[in-house]
Structures are given as structure tokens and as C-alpha cells.
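**Student:** The residues making up each chain are set out below.
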Amino acid sequence: MTHKTFFAFIFPSLLAMILFIALPIGSIVVQSLHVEHPRVLVEVENCGPFGCERETRVDTAATQALQEAQPMGQFNGLGTYFDRRHLATEEVSRIFSDNEGVADIARQMYNLPFYKALSFTLVYTFIVTPLGMALGFSIALAVNSIPRFLKGPIIFFSLLPMIVTPLVGSLILFWMINTQGVIGSNLQLLFDDPDLSLRASPLLTWVTLIVYGVWSMAPFSFVVFYAGLQTVPSDTLESAKIDGASRWERIRYVVIPHLIPLATFVALVQLMDNFRVFEPIVGFSAEANATSLSWNIFNDLRGQVDQQYSSAAATSVLTVFGVVVLLMPVLVRLWRDFNRKA
Amino acid sequence: MEQTTVNRRPLLLSTTSSLFLVLWLIVAAFPFLWTVWGSFKVEADFFSRENWQLAITGLNTIGQTGSAFTGDGYQGAWIERDFWKAAWNTVIVTVSVTAISLVLGTLGGYALARSARRYTLWILITALVFRAMPHITLVSGYMLPFFEWNVWGALPTAIIVLVAINQPFALWMLHSFFLSIPKDLDESAMVDGCTRFQAFRQVVIPVMWPGVITTGLFSFLLAYNDFAVTAMLLNQDNQTMVPKIASFLGTVQTEGAVMYAVAAVVSATVPLFMLVMFFQRQIVSGLTAGAVKG
Numbered sequence: 001m002t003h004k005t006f007f008a009f010i011f012p013s014l015l016a017m018i019l020f021i022a023l024p025i026g027s028i029v030v031q032s033l034h035v036e037h038p039r040v041l042v043e044v045e046n047c048g049p050f051g052c053e054r055e056t057r058v059d060t061a062a063t064q065a066l067q068e069a070q071p072m073g074q075f076n077g078l079g080t081y082f083d084r085r086h087l088a089t090e091e092v093s094r095i096f097s098d099n100e101g102v103a104d105i106a107r108q109m110y111n112l113p114f115y116k117a118l119s120f121t122l123v124y125t126f127i128v129t130p131l132g133m134a135l136g137f138s139i140a141l142a143v144n145s146i147p148r149f150l151k152g153p154i155i156f157f158s159l160l161p162m163i164v165t166p167l168v169g170s171l172i173l174f175w176m177i178n179t180q181g182v183i184g185s186n187l188q189l190l191f192d193d194p195d196l197s198l199r200a201s202p203l204l205t206w207v208t209l210i211v212y213g214v215w216s217m218a219p220f221s222f223v224v225f226y227a228g229l230q231t232v233p234s235d236t237l238e239s240a241k242i243d244g245a246s247r248w249e250r251i252r253y254v255v256i257p258h259l260i261p262l263a264t265f266v267a268l269v270q271l272m273d274n275f276r277v278f279e280p281i282v283g284f285s286a287e288a289n290a291t292s293l294s295w296n297i298f299n300d301l302r303g304q305v306d307q308q309y310s311s312a313a314a315t316s317v318l319t320v321f322g323v324v325v326l327l328m329p330v331l332v333r334l335w336r337d338f339n340r341k342a
Numbered sequence: 001m002e003q004t005t006v007n008r009r010p011l012l013l014s015t016t017s018s019l020f021l022v023l024w025l026i027v028a029a030f031p032f033l034w035t036v037w038g039s040f041k042v043e044a045d046f047f048s049r050e051n052w053q054l055a056i057t058g059l060n061t062i063g064q065t066g067s068a069f070t071g072d073g074y075q076g077a078w079i080e081r082d083f084w085k086a087a088w089n090t091v092i093v094t095v096s097v098t099a100i101s102l103v104l105g106t107l108g109g110y111a112l113a114r115s116a117r118r119y120t121l122w123i124l125i126t127a128l129v130f131r132a133m134p135h136i137t138l139v140s141g142y143m144l145p146f147f148e149w150n151v152w153g154a155l156p157t158a159i160i161v162l163v164a165i166n167q168p169f170a171l172w173m174l175h176s177f178f179l180s181i182p183k184d185l186d187e188s189a190m191v192d193g194c195t196r197f198q199a200f201r202q203v204v205i206p207v208m209w210p211g212v213i214t215t216g217l218f219s220f221l222l223a224y225n226d227f228a229v230t231a232m233l234l235n236q237d238n239q240t241m242v243p244k245i246a247s248f249l250g251t252v253q254t255e256g257a258v259m260y261a262v263a264a265v266v267s268a269t270v271p272l273f274m275l276v277m278f279f280q281r282q283i284v285s286g287l288t289a290g291a292v293k294g
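Chains as they are written, first to last, in our numbering: chain G, 1 to 342; chain Z, 1 to 294.
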């Protein structure tokens, strides 16, 4: 295919990605270096029957004029990155120089919004991904051994947690685990504690969100692993059996090695998806006890009075950085593979 | 793998495995069945302070409406709170996003599959990185320019943004489907006098339908399930179903109104049920296509 035809074919797609993915990434970088204009203050003298008072007021017209002249705000360098709402360098160095042990450091760091979100995002990503894959793999093994006519309906129901809108799925679970819902009230009976609420403590909230994550992520691993199981060579399995391998050994030394390439793919996709965890926090109204990087950006943008574009942009840049770090192993491998071929 | 007498599993193992499967089915399906059932009750039953069994017996529902099932939640959501409008907006958004994504994606995916040059790899790697971007980070890049150009809040804006966000995925998937179609097919068409585009349009696309349908399904799902983009970029009048449901949550303090949200949630899930029912095979093949071929 000539260069010309290639670019003619790919042009619309490329244009859409450049305009609406590459440029916005550039735009958040630029925006994060700026900060909103301070309000223009004027001092006016207010003279009434009881004498004169000096009063400071916001000059709306001047503020607006400034806003219109420079819609991005004023240049702030890396200031936004290091402020209390993001990397909080000052606070962090203070915490490390003045603390009462590791637990205290963790507790104090958790009070900083960025680190609070980062800790939940990372814990969620690195717990949900392996658990979801393990659950999916177990379901695939179980489904693989049942009669054929049962497989269709079981796959149908297994797909539901994954297919359903994340916000809708988390709301459905949230209403059930509510103290007034079916699971919540039964848990209260079970533990004989009428005040038990899964939203009460950070730990329980985290556990709830992680359970939701595993519930919604397992079906994807299940489907991929199930398809992979169909391609396990039966000769190898049989010879393993003749050599006296037990059922577990056959899974461990034949099936799992065969599925490793698939597992890498599943892990990659799930890491990407889990790292952007966002809807469950809205659905479970969990923001008091658990926030994520995506949620922090959403919260900055949602402000009704003043939207904090710069703060959102700085968090976005840090998130993009996190994604690239997460993807680095894959990118390096793709690069090496290609160079070996070339 | 067929069960044969030689291959029979020990009783303990097969029992554990069946029990596990039954347990998983309950975990996967029960929340949906429970919510569908509960959406026909009144709030005092579905969110009962006294006893969760009220949701099954529906005592308060009978007391308040005279029958064990009530459509009040649906009526409130669809008519009183204009959920029908959100549903209509969702139809516009999902149909447009799917159609435009497929046109752009097939063209691009075809080019990527038929060219063996180095830049195809770069495009695919970049697409992978773009695919990993959390959508909300991109949204925060759009907001200010869209306000400046005065296009914020309109449906076409959200549609075009969703198309772009969907492109990396569509490119990867269609690229791998096109790779499975032999090159000879379009080359022989071109020897017979077709231009590249004619060969693509009249020879390759007709055998590509399974791949196009599968990719279309996932594009539809992306547009349908999106919350970040539609919640931030659409104004009140143009809201689609998912942000509309989220907006119910903020305003449902009045008695019974939380049932509007429940009814809306069930309404939004029904199309997805249908989709899985009719296209289960394509969804499964789509999920595995990326894995097995990529």
C-alpha cells in the first residue's frame, strides 16, 4: 500500500484522535501551568449616617475583563503541581520530618487529597485485577466441565455484571448493601449489630468497592480464559495424564502455561480499566472514605460556582503520567518485538 | 471437552465445582432480578427500615396502591421527570457514535492491516496509550475550549468526542479482523480493475460483516455506558440516560422519588439485557478476538 493511499484511508480516524485525544492532552498540560485569576479587589469608601467605612469589594467588571483577556488564567509554572491539593511537597516534607512512626505518616498522608486518591486507586487496581482474574479463571474451569446445553444460559448471566453500565451496576449493588437494603439488613442480623453500615468506616467502604470491582471485572477474564481453554491441546493433556500427572498438576503445568499469553493480555486491559476507577465512587456515594484520581478531576470540574480547571488539569497530567508508567512494560515489549522482527 | 468414562471427575470435585458455579450465578444474576422485582414496589417496601422481607411481600405497596405491584416509579421517572427525553437522547448519541465510529474505524483499520510499514506500529502503539487514558482526563482538556467556542452542552459535541475516544479501540479490533481476511482477495479485485477504495468497499467489506457487527456492538456499549463524557459535556436538556440517573440521585430526597431512580436504572438495563441475549455469540467472539489474535 502506498503512503498516499494509506494516509487517505486512515486520515479521518487519525484526525479525530489528534483533535480530540492528542490536543486535549496538550491542553491539560498548558492549563495545568496556569492558575485562575485572583478576583480584582477595589477599596471603596462607604459613607452613611454613622460615618464613613472603608470596604473591600470584588470588582466584577474588572475580573471579567481580565478573564476574557486571558481565559486560561495567569501563568503559574509548576505551582499547581506542588500545592496542597496535588503533590503537596511542603506538607509531605513536614510530615516526614515530624511524625510518630510509620502509621502516623500514613495517616497524615491520607489527609492530603492527592495521596488519598492515589492510595485508593493503586490499592483498587492491584487488588481487583488479580482477584478478578482468579475468579474468572475458576468460573472458566467450572463452566468448561458442565454439559453443553447449560453453557449458553450460564454465559448469558455471567456476562451481565460486565456489560451493565458501571454507574448502574454500582447503584444496584449500593441499594442492596444499604442499611435499608436486602444485603445490608441481613448483614446486620448476621452480626447482631443494628448499627452496622458498610459505609461507616473507610475500611468497609474500600472492601465494598473492591468487591464491586471483582464482581464487574471477573466476567471479562472468564470469557477470555474460557475461550483459551477450548484451545488447550488435548494431546498434551493426555500424555500428562499417562505420565501420572494429577488433575491439579495438569492444570498447573499444562493449562496455566498455555493460558499465560492470554493472562498477560487480560491483566493489561484490566489494569487500564481499573486505574480509571470512577463510577463506583459516584454510585456508592463513597467519596467521604474513598476517592480516586478520576474522581478528583471530576470533582474539580463539577464545581458549580468556580470550576477549577487548573487543579483538574494538574491531576489529569499526573494521572496520564501514571498510565504511561503502568503501560511501560508493555510498550517496551512491543518495541523490542518489532525491532527483533525488523 | 466431552465427558467420557475415562475422564470422569471425582464426585467431590464435581460437586464443589457445581456448587461454586451456582454460587457465582446467584452473585451475578440476583442483584438484577432483585432490582427489577423491587422497582415495582413503593419505597417503604424496597428500602424498608423495619424488615427487608417487605420487599418480597409488598405490604406497603398493597397498602398504598391497592395492588402488590405498582408502576408508579416508572411513571414518575419517564413522564414526570422526563426520562423519555434522556432515552431519546441516548438513542441519538449511541446510533451516531456507532455509525461514525465504524466508518472511520473500518477505513483506518483496513489501512493498518494492509500496510507493513514502520509507522503502522507507531500508530497502533499510540492508539494503545490513548485507549488507556482515563476519559475524564480528556474531558478536562475539552471543557475550556468548548466553552470558548460555545459548543458545550450540545449533542453533536458529545457524539464527536465519544467517536474519538472510541477510535483507538475500534482501530485495534478492526485491524485484527482485517488481518484475518487474505490479502489476495483485494489484490485480485484490484488486478480486475478496481481501485483500492472499490476493492475495500465492494469486496472486503462484504466478508467483514461479522467483524463490523462485533466492533459495532462494543462501540455501542462504550457510548451507552459512558458517564464521564456525557455528564460533563451535555447540558440539562441534552442529558442521556446515565447522567440523568445520576441527577436523580441528587434530588431524590422527597418520599418515593428514590423509586424513580430505581425504575430508571431498570429501564436503562433492559436494552443491555436484550443486547446480550441476541448478540451473546458476537460479544464473546469480540472479547476473545483481541486476546487470541493480538
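Simulated from the structure, these hints should not be mistaken for lab results. Glycine is no exception: its CB is placed at the ideal position from the N, C-alpha and C atoms. There may be inaccurate statements among the hints.
[Stated by the list, open to error] Just so you have them, the derived chain Z footprint on chain G, three or more residues with Cβ under 8 Å:
#1 82-89
#2 104-111
#3 170-182
#4 205-213
#5 216-226
#6 271-280
[To be verified] Every beta carbon over 12 Å from chain Z, so not counted as near; a handful from chain G, in silico:
#7 P12
#8 R39
#9 R54
#10 A62
#11 N99
#12 S316
**Student:** Confirm or reject each hint.
**Tutor:** Here is what the structure says about each hint:
A count of 0 residues in the region 82-89 of chain G with a Cβ less than 8 Å from any Cβ of chain Z is obtained; the coverage claim is therefore unmet, three being the minimum. Counting residues of the region 104-111 of chain G whose C-beta lies closer than 8 Å to any C-beta of chain Z gives 0; at least three are required, and the coverage claim is violated. With a cut-off of 8 Å between beta carbons, the region 170-182 of chain G has 9 residues touching chain Z; three or more are needed, and the interface restraint holds. Coverage of the region 205-213 of chain G by chain Z is violated. Counting CB-CB distances below 8 Å, 0 residues qualify, and the rule asks for three or more.
With 4 residues having a beta carbon nearer than 8 Å to a beta carbon of chain Z, the region 216-226 of chain G meets the requirement of three or more and the stated coverage holds. As drawn, the region 271-280 of chain G meets chain Z at 5 residues by the rule of a beta-carbon pair under 8 Å; at three or more, the given contact holds. Once the 12 Å rule is applied to beta carbons, P12 of chain G is inconsistent with being away from chain Z; the minimum gap is 5 Å. No Cβ of chain Z approaches the Cβ of R39 of chain G within 12 Å, the least distance being about 19 Å, so the stated non-interface status holds.
With a least beta-carbon separation of about 36 Å from chain Z, R54 of chain G lies farther than 12 Å from that chain, consistent with its non-interface assignment. A cut-off of 12 Å between C-beta atoms confirms that A62 of chain G is not in contact with chain Z; the least separation is 20 Å. Non-interface call for N99 of chain G relative to chain Z: holds, since the shortest CB-CB distance, roughly 32 Å, exceeds 12 Å. Residue-level check failed: S316 of chain G sits 4 Å from the nearest beta carbon of chain Z, not beyond 12 Å.
Of the hints listed earlier, those the structure fails to meet are numbers 1, 2, 4, 7, 12, in rising order.
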